[in-house]
Amino acid sequence: MAPSSNNAEEVLPNDSELRRKAKTLHEIVKLARTNVDRNVWDYLQGGTESETTVRRNRAALDRIAFRPRVLNDMREIDLSGSFLGHKLGLPVLLAPVGSLESFHPDGPREAMRAAAEVDIPLFLSSVGTVPLEDVAAVKGGVKVFCLYKRGDDAWLDGVVGRAVDSGYDAFAITVDSAWYSRRERDIANRFVKPWRQVPGMEFQKALNWKDIARFKKTYDIKLILKGIATAEDAKIALDHGVDCVYVSNHGGRQLDHGLGSTDVLPEVVDAIGGKAQVAVDGGYSRGTDIVKARAMGADIVGMGRLLCCGLAAGGAEGVQLMLELLAEECRIALGLLGVNSFDELTPRHLAKGELVMEPHIWSQYPLLPGDGFTY
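Per my numbering, the sequence shown starts with residue 4, numbered consecutively.
Bear in mind the hints are in silico, worked out from the structure with no lab data behind them. Don't be surprised by glycine CBs; every beta carbon is placed ideally from N, CA and C. Any given hint could turn out to be false.
Claimed, not checked - Have a look at the derived ranges for each label pair, beta carbon to beta carbon:
(1) D242 <-> R41: 37 to 47 Å
(2) D189 <-> E20: 28 to 38 Å
(3) E361 <-> G164: 43 to 53 Å
(4) E347 <-> K238: 25 to 35 Å
(5) T221 <-> R72: 44 to 54 Å
Unchecked claim - The calculated BS3-like cross-link candidates involving lysine-lysine, where the alpha carbons are at most 27 Å apart (straight line), are:
(6) K219 <-> K90
(7) K90 <-> K142
(8) K90 <-> K208
(9) K196 <-> K208
(10) K90 <-> K278
(11) K225 <-> K278
(12) K196 <-> K238
(13) K33 <-> K196
(14) K220 <-> K196
All chains should be built: construct the whole structure from the sequences, respecting the hints.
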């Protein structure tokens with residue numbers, strides 16, 4: 004479960020080399036960069052074309068300020084959340100990232116071990132070399148398999164059957180990737196990712212609402228659609244009986260010049276009206292970011308790039324440390340906002356603010372080196 008102590012030294016004892024080196028999130032990011040090569044690092048931090056959507060993800064969060072309340076008894080703070088019937092230690096999910104093995108040789112299983120320690124979900128991307136059954140064998144946590152469709156209905160039946168038989172708690176389908184974007188950092192590096200050579204991408208292009216209807220009719224497993232970016236599509240998803248709408252723009256890696264996920268979130272929450280759960284990712288990498296999303300009505304917040312940094316910094320321990328630091332930031336933010344749990348947050352705790360720094364992929368960590376950090 005998420006740590007409950009209010010003493011930072013108790014939360015993060017100096018009992019390992021990693022914990023001595025990384026006492027802040029930005030130090031985890033620094034360690035990660037030293038452990039991966041330039042191609043992988045650019046794949047991690049890059050977006051599509053002008054990377055405008057990447058920056059808008061961060062800008063959307065930075066334009067939100069807090070309205071704290073005072074003189075409440077803040078000795079006890081509950082950091083728990085819930086997702087599809089599971090109680091969580093923290094309302095966070097480890098977002099699906101293709102080829103986690105690029106950041107740690109045993110990336111998917113290490114990520115699942117960390118998720119289990121904190122009682123949160125791992126969304127396992129179908130893009131990877133570790134079989135879904137091997138990740139399912141890790142005890143604990145909430146397991147979600149996240150699919151890119153690479154075959155016909157019979158192929159899909161086989162994949163869903165494997166996930167159900169392995170005990171996955173839910174199934175997610177990525178819906179914002181009908182075409183693969185031009186990620187110019189990768190192109191400039193002449194970095195061709197192995198998973199782009201996998202046949203069957205035409206099936207993802209053909210994916211449509213009839214496939215979603217068939218899924219709900221055919222399979223007895225909760226369904227999440229990842230990549231919803233409008234109220235219109237959220238309402239259609241609800242009409243199809245989807246259990247969770249996942250607001251995402253792929254971390255700014257698909258459509259350039261999109262809105263930031265946090266800008267989209269209110270219209271999706273309003274469209275869903277509490278009839279399904281709402282997840283969100285896109286630039287979220289601080290405890291205060293999680294608090295903002297929950298105050299806006301999201302049930303759970305995805306961490307993708309931070310997951311990769313945790314893995315690169317120290318495998319399962321690195322991811323768990325990252326989650327502990329996020330939990331401590333959340334605890335402090337809630338305590339200073341005057342609420343005892345995430346469920347007490349409302350939009351009244353938020354206000355419009357002005358940008359105070361130029362948004363970019365790591366601007367939320369001002370103690371990192373300057374522009375040279377991003378090559």
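Against the structure, the hints come out as follows:
The hinted window of 37 to 47 Å between D242 and R41 holds, with their beta carbons roughly 45 Å apart. The hinted window of 28 to 38 Å between D189 and E20 holds, with their beta carbons roughly 32 Å apart. In this structure the supplied range 43 to 53 Å holds for E361 paired with G164, their Cβ-Cβ distance being about 48 Å. Separation of E347 from K238 is about 28 Å and conforms to the stated range, judged on CB atoms against 25 to 35 Å.
T221 and R72 have their C-beta atoms about 48 Å apart, which keeps the hinted 44 to 54 Å range intact. Among the hinted pairs, K219 with K90 is consistent with the structure: their alpha-carbon atoms are about 24 Å apart, no more than 27 Å. Distance hint between K90 and K142 is fulfilled; the C-alpha atoms sit about 16 Å from each other, no more than 27 Å. Among the hinted pairs, K90 with K208 is inconsistent with the structure: their alpha-carbon atoms are about 35 Å apart, more than 27 Å.
Proposed proximity of K196 and K208 is supported: the alpha carbons are some 19 Å apart, at most 27 Å. Using a Cα cut-off of 27 Å, the hinted pair K90 and K278 holds, with the two alpha carbons roughly 18 Å apart. For the proposed pair K225 and K278, the alpha carbon gap of about 14 Å is at most 27 Å, so the pair holds. Taking the CA atoms of K196 and K238, the gap is about 35 Å. The hint is violated against a cut of 27 Å.
Pair hint K33 plus K196 holds up; C-alpha atoms about 24 Å apart against a cutoff of 27 Å. About 35 Å separates the Cα atoms of K220 and K196, which puts this hinted pair outside 27 Å; it is violated.
Against the hints set out earlier in the document, violations occur for numbers 8, 12, 14.
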